[in-house]
Amino acid sequence: MKKTWLRDYIIKRLLLAIFIAWAVLTITFVLVRVGPTSPADKYLANLTVRGQDTAQVVAAIEARYGLDRPIYEQYASYIVNLGRGDWGWSLSTSMPVMELIKTHWIYSFQLIFLSSIFAAIIGILIGIYSAVRQYSKTDYAATFFSFIGISIPNFWLGVMLILLFAVKFGLFKTYYDTGLPLLSLANLKQLILPVITLGTGMLAGYTRYTRSAMLDNLRKEFVRTARAKGLPERTVIGKHVFRNAILPLITIIMFDLGSIVFGGAYLTEIVFGIPGLGQISFNAIFADDYAVVVAVTVISAFLVLMINLATDITYTYLDPRIRYD
Amino acid sequence: MTDQLKNIKNIARKVGSAKKPIFITVIVLLGITFLLDIFVVDRIFDILVYLYIALGALFVLYGIPSLYASRRLMLYYWQRASKNKLAVGGLAFILFLILLAIIGPLFTADPTAVNFEEKNVPPLGFALEESVYDLKTGQFITHQTTGTGEHPLGTDDKGRDLMAMIISGASVSLQVGLFATGIAIALGTLIGVSAAYLGGKVDNVLMRFTDIMMTFPFFLLLVFIVFIFGPNLALIVVIIGLTGWTGTARLIRSESLSLRTREFVMASKALGASDGRIVLSHLIPNVISLIIVIATLSIPGVILAEAALSFIGLGDPNVASWGMILRAGQQNLDTTWWVAVAPGVMLFFTVLAFNFLGDGLRDAFDPRSNV
Numbered sequence: 001m002k003k004t005w006l007r008d009y010i011i012k013r014l015l016l017a018i019f020i021a022w023a024v025l026t027i028t029f030v031l032v033r034v035g036p037t038s039p040a041d042k043y044l045a046n047l048t049v050r051g052q053d054t055a056q057v058v059a060a061i062e063a064r065y066g067l068d069r070p071i072y073e074q075y076a077s078y079i080v081n082l083g084r085g086d087w088g089w090s091l092s093t094s095m096p097v098m099e100l101i102k103t104h105w106i107y108s109f110q111l112i113f114l115s116s117i118f119a120a121i122i123g124i125l126i127g128i129y130s131a132v133r134q135y136s137k138t139d140y141a142a143t144f145f146s147f148i149g150i151s152i153p154n155f156w157l158g159v160m161l162i163l164l165f166a167v168k169f170g171l172f173k174t175y176y177d178t179g180l181p182l183l184s185l186a187n188l189k190q191l192i193l194p195v196i197t198l199g200t201g202m203l204a205g206y207t208r209y210t211r212s213a214m215l216d217n218l219r220k221e222f223v224r225t226a227r228a229k230g231l232p233e234r235t236v237i238g239k240h241v242f243r244n245a246i247l248p249l250i251t252i253i254m255f256d257l258g259s260i261v262f263g264g265a266y267l268t269e270i271v272f273g274i275p276g277l278g279q280i281s282f283n284a285i286f287a288d289d290y291a292v293v294v295a296v297t298v299i300s301a302f303l304v305l306m307i308n309l310a311t312d313i314t315y316t317y318l319d320p321r322i323r324y325d
Numbered sequence: 326m327t328d329q330l331k332n333i334k335n336i337a338r339k340v341g342s343a344k345k346p347i348f349i350t351v352i353v354l355l356g357i358t359f360l361l362d363i364f365v366v367d368r369i370f371d372i373l374v375y376l377y378i379a380l381g382a383l384f385v386l387y388g389i390p391s392l393y394a395s396r397r398l399m400l401y402y403w404q405r406a407s408k409n410k411l412a413v414g415g416l417a418f419i420l421f422l423i424l425l426a427i428i429g430p431l432f433t434a435d436p437t438a439v440n441f442e443e444k445n446v447p448p449l450g451f452a453l454e455e456s457v458y459d460l461k462t463g464q465f466i467t468h469q470t471t472g473t474g475e476h477p478l479g480t481d482d483k484g485r486d487l488m489a490m491i492i493s494g495a496s497v498s499l500q501v502g503l504f505a506t507g508i509a510i511a512l513g514t515l516i517g518v519s520a521a522y523l524g525g526k527v528d529n530v531l532m533r534f535t536d537i538m539m540t541f542p543f544f545l546l547l548v549f550i551v552f553i554f555g556p557n558l559a560l561i562v563v564i565i566g567l568t569g570w571t572g573t574a575r576l577i578r579s580e581s582l583s584l585r586t587r588e589f590v591m592a593s594k595a596l597g598a599s600d601g602r603i604v605l606s607h608l609i610p611n612v613i614s615l616i617i618v619i620a621t622l623s624i625p626g627v628i629l630a631e632a633a634l635s636f637i638g639l640g641d642p643n644v645a646s647w648g649m650i651l652r653a654g655q656q657n658l659d660t661t662w663w664v665a666v667a668p669g670v671m672l673f674f675t676v677l678a679f680n681f682l683g684d685g686l687r688d689a690f691d692p693r694s695n696v
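As they're listed, the protein sequences go chains W and G. Letter 57 of the first sequence, counting from 1, is numbered 57 in the numbering used here, and no numbers are missing. If you want the numbering used here, it's the 1-based position in the second sequence plus 325.
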């Protein structure tokens, strides 16, 4: 019974995700083509400096990348190429877009992964403590700091951390070193500031959500029953209250991964010079490298949708009462 | 009651009954001027001016009457909210910021005035030591610059007064926050109320559309659109406004759904009130407190989005926004650190103030919470 509706639901959502990714792709594709600047302009400027004939160069570039054909033909061939896993050619880095993404996604992944873990563990622990000792001084302090954490612009936090710990005290390098092996202590060390930058906002959010979810459950009948039958407080909090509070938290954490993290990671990568997907799409923007911008936008959109779907599915396993139609 | 007061009330009532024609006239006139402005004469007014007038008309004709209709409730809410010190502090800071943005430019220097004689002047009370090549002796000497009262916050690497830039940035951030939120709230309320009130298929279509919009990764799209069409403050405001209404629509819908089955709505329907009248004089005044909370809490996100865009170099180059100053400061962190600190501090306190105020208002409007 459960299996059938869940399977139908997943198929429905997958189709919706594909539809939205297609919409993002089409919107970005059309925007690029109807926008005031042509992808050829940048290269035109470079080449005409060397004394070549403008009209000839434009024609050559447009013919080379198929830009002289009508827009629907370009669109059709773009889609066909996508089907073969070909995302186009990056003009600024002179390599296929897919290759570029394959070499850089890991930097975004490590940043997002470590930040989420950092934020989730510390945020949840502070939230639990805060709820158990409600209205204590620690609780007030935690609430106040979570407000600060939510309000602080993360790109500014990053700049300030660099100013303090890298420029003033010289504890860290001001720029990310890609020469270090990914799984090394040195790499971990240089990720400390970026992880704090990206993680602080999330941490503050999780503290607040955990606290309110714990408080909601602490007032429930089954907690009183658990205490009445003589269970130690540790068990009551850990097994009865927290188990129930964690459910909505998981959704929030995963939803965050989808929405806030992609925007935040984008900025954090730029502040620290981490060569992740945000950074390459940022560089591509200023190099007028449209293929990369389109690819990163569409892929991120699709990832966000997949994470949201995964959240909903996880939820049905954690809470068997939930049913989507 | 004196005759004068009666007269004023009568006029107010007349204006009130003519709301719709007045609003439509204003919008049509605006539209005509806008088209003339674009196609006949070459852009006399900034697009933001049109937004000012349209949102102003919307607020005066529909916002204020709704607030007035529930004035006793609003007063009660304000009494509850004013017990929250953080919320009051937040409101005070926001009012101070608005004042700063309006009258500040009268007292400060031109934020765009470049003066290389006075570049890299530190803030008042700080000193900067630089190694300078001395032409007379042919040696490097340590040159110390101290902050002066003329530039209380110092100057940047082009000698522009940071105080003046910060004040001009305040007006940019506030305008972005208010306009984008205004558009988003107006759209969200319209969609939410129509979905709830019309129900059935309309509700279904509108809510599916909202769901799809919610999963769209907008920051990336925002970056992309600004990249394609060029950085322009009005464009940024409009895009943020047109994409940020989803949360509002959902909340307003669920609130209106419970309202539309209440007795007073039924009664007014039985008395033959039109749909428009029910929506405008019963539904909206009853969700206005919710609208205020959503607006207050969504302003910080909007301000941050614009700041982030400017920070990565996609801000409107014609205005000095906080994000842009921060971007300039980040590039010279090792010398002129103050240029990066000041705009961030302002940004941080502004966001904090709106969050405190919004949270306080939410608690005050929530009948279950005791403040």
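Mixed in with the good hints, there may be bad ones.
The calculated lysine-lysine pairs, modelled on DSS-like cross-linking and capped at a C-alpha distance of 25 Å, are [claimed, not checked]:
1) W/Lys137 x G/Lys345
2) G/Lys483 x W/Lys168
3) G/Lys345 x G/Lys334
4) W/Lys12 x G/Lys526
5) W/Lys137 x G/Lys410
Calculated from the structure, these hints are not laboratory results.
### Task
Please work out if lysine 137 of chain W and lysine 345 of chain G have their alpha carbons no farther apart than 25 Å.
This hinted pair is violated, its Cα atoms lying about 54 Å apart.
### Task
Take a quick look at whether lysine 345 of chain G and lysine 334 of chain G sit within 25 Å of each other, Cα to Cα.
holds, 19 Å
### Message
Next pair to validate is lysine 137 of chain W with lysine 410 of chain G; report whether the Cα-Cα distance is within 25 Å.
### Response
Holds, at about 17 Å.
### Task
Measure nothing beyond the straight line between the CA atoms of lysine 483 of chain G and lysine 168 of chain W; if it is 25 Å or shorter, mark the hint as holding.
holds, 23 Å
### Query
Are lysine 12 of chain W and lysine 526 of chain G close enough, with their CA atoms no more than 25 Å apart?
holds, 20 Å
Checked against the numbered hints given earlier, the structure breaks only hint 1 and satisfies all the rest.
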